[in-house]
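Undergrad: These are the residues of each chain, in order.
There are 2 protein chains.
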Amino acid sequence: VAKVTTTDVLIVGAGPVGLFAAFELGLFDMRCHLVDALDRPGGQCTELYADKPIYDVPGWPRILAQDLVDRLMEQIAPFAPGFTFNRMASAIAPRAGGGFRISTDGDDVFDARIVVIAAGGGAFQTFATTGEAPKARSVFHPVRRMEAFRDLTLDDDRIPVDTEKFQTSVAGMFAIGDISFYPGKLRLILCGFHEAALIAQAARRIVAPSERRVFQYTTSSTGLQKKLGVAD
Amino acid sequence: VAKVTTTDVLIVGAGPVGLFAAFELGLFDMRCHLVDALDRPGGQCTELYADKPIYDVPGWPRILAQDLVDRLMEQIAPFAPGFTFNRMASAIAPRAGGGFRISTDGDDVFDARIVVIAAGGGAFQTFATTGEAPKARSVFHPVRRMEAFRDLTLDDDRIPVDTEKFQTSVAGMFAIGDISFYPGKLRLILCGFHEAALIAQAARRIVAPSERRVFQYTTSSTGLQKKLGVAD
Numbered sequence: 001v002a003k004v005t006t007t008d009v010l011i012v013g014a015g016p017v018g019l020f021a022a023f024e025l026g027l028f029d030m031r032c033h034l035v036d037a038l039d040r041p042g043g044q045c046t047e048l049y050a051d052k053p054i055y056d057v058p059g060w061p062r063i064l065a066q067d068l069v070d071r072l073m074e075q076i077a078p079f080a081p082g083f084t085f086n087r088m089a090s091a092i093a094p095r096a097g098g099g100f101r102i103s104t105d106g107d108d109v110f111d112a113r114i115v116v117i118a119a120g121g122g123a124f125q126t127f128a129t130t131g132e133a134p135k136a137r138s139v140f141h142p143v144r145r146m147e148a149f150r151d152l153t154l155d156d157d158r159i160p161v162d163t164e165k166f167q168t169s170v171a172g173m174f175a176i177g178d179i180s181f182y183p184g185k186l187r188l189i190l191c192g193f194h195e196a197a198l199i200a201q202a203a204r205r206i207v208a209p210s211e212r213r214v215f216q217y218t219t220s221s222t223g224l225q226k227k228l229g230v231a232d
Numbered sequence: 233v234a235k236v237t238t239t240d241v242l243i244v245g246a247g248p249v250g251l252f253a254a255f256e257l258g259l260f261d262m263r264c265h266l267v268d269a270l271d272r273p274g275g276q277c278t279e280l281y282a283d284k285p286i287y288d289v290p291g292w293p294r295i296l297a298q299d300l301v302d303r304l305m306e307q308i309a310p311f312a313p314g315f316t317f318n319r320m321a322s323a324i325a326p327r328a329g330g331g332f333r334i335s336t337d338g339d340d341v342f343d344a345r346i347v348v349i350a351a352g353g354g355a356f357q358t359f360a361t362t363g364e365a366p367k368a369r370s371v372f373h374p375v376r377r378m379e380a381f382r383d384l385t386l387d388d389d390r391i392p393v394d395t396e397k398f399q400t401s402v403a404g405m406f407a408i409g410d411i412s413f414y415p416g417k418l419r420l421i422l423c424g425f426h427e428a429a430l431i432a433q434a435a436r437r438i439v440a441p442s443e444r445r446v447f448q449y450t451t452s453s454t455g456l457q458k459k460l461g462v463a464d
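Chain order of the listed sequences is W and H. Under the working numbering, the first residue of the first sequence carries the number 1, and numbering increases by one thereafter. Under the working numbering, the first residue of the second sequence carries the number 233, and numbering increases by one thereafter.
One thing to keep in mind: the hints can contain errors.
[Claimed, not checked] Footprint (simulated), chain H over chain W, 3 or more residues, beta carbon under 8 Å:
1) 3-15
2) 27-37
3) 48-54
4) 197-203
None of these hints come from the bench; they were simulated from the model. No experiment lies behind these values; they were computed from the predicted model shown. Positions of the beta carbon are idealized from the N, C-alpha and C atoms, including for glycine.
Throw the hints in and build the complete structure from the sequences for me.
TA: This is the structure we're talking about:
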């Protein structure tokens, strides 16, 4: 029996970039649910190098990968996104009336207005070449399964996106992080953060097209601070 | 008497985005010098809201603006970039044989292969509308002065760039942070960090065009870790 979860945004992949997407989308009042093949958040950071330091996260001269994940989980907590672990997205289909139904390799099914693919993708190969044996659980590669979605253009396992919205060839489906591709693309966590910020703008236009939007800053906007639970 | 400083990269603006550019450029062995009209690093973070928290720096659920600047200064320290404060870039001219000469409103002159404009630009207006009186020293708007550089295309005080290299209409001159413009542009610090990472790739191709480059990660590359002074 399928267990259907309805959400504004289904994020495929709960690595650092997927997590931060939940923050940016949350700032714009979109409810997010994340699905990941692993049993906990963090993606490659947690699975492949949790105890190793990263030196190029801006503002962090040195941070252990797991600590970055923990900090991101703390940062998105005000928006209370949902999580489904141990499930791999297996198919994505458009729904009549808009949005998507995302199936998994289990009973869980998700209906969402927006899909954000934030899976690590080809970056896994980088680690496989270092001599470490790939762990079956960490091979999280939903793209192969999604070729069933005939309108999605693929380019050598990566998903081409524009650089304005980071949207795929399918309207309402976005791709960020290592699995996305565009001219100049670097597979850096910090680039995925930028991509996450830009999809939030575009996704909001789909979810609430008639809404008048004013761009605000967390430092100065009481409205945003209320959402974050930090307003005076 | 002009005091000429020669460097690989002259970064105009020592705000958070300009500072992080020195990190990314440093990883690729480019010497950087930063010039800023203020008397210390940090740009708007330091001048306008040093003691206010920012909530959307990825991995920092909450960080005071001045603390972010301090962390970035710590992060770029291994590359020992040069700084010239209290000087506003007043003119940029191409040099015979390539590169640029950047003049200031003082005796300081810079010869550089690459120019990165990382000035806050129009973002200042955002603060001016909150009722705070603008401080004369914080109106750092080098673009107006650079119209003398006839090849530089401007768009309403902002500098259009591509999204592959964040290069302006002038080869070798890049623009990042609030002063740059491209479809989807958001004036967020985290977006400037991404822009800084991508210019480093493009700048390196100009400085060392014949060099064979392999993309590496700070977590796994001993070479990068040696540059950062953290290798075992």
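Undergrad: It remains to establish, for every hint, whether it holds in the given structure.
TA: Results for each hint:
1. Counting residues of the stretch 3-15 of chain W whose beta carbon lies closer than 8 Å to any beta carbon of chain H gives 0, which falls short of the minimum of three for the stated coverage.
2. Coverage of the stretch 27-37 of chain W by chain H is violated in this model, with 1 residues showing a Cβ closer than 8 Å to a Cβ of that chain against a need of three.
3. Only residues whose C-beta sits within less than 8 Å of a C-beta in chain H count toward coverage, and the stretch 48-54 of chain W has 4 of them, enough to reach three; the restraint holds.
4. Three residues within the 8 Å Cβ limit are the bar, and the stretch 197-203 of chain W against chain H gives 4, so the coverage statement holds.
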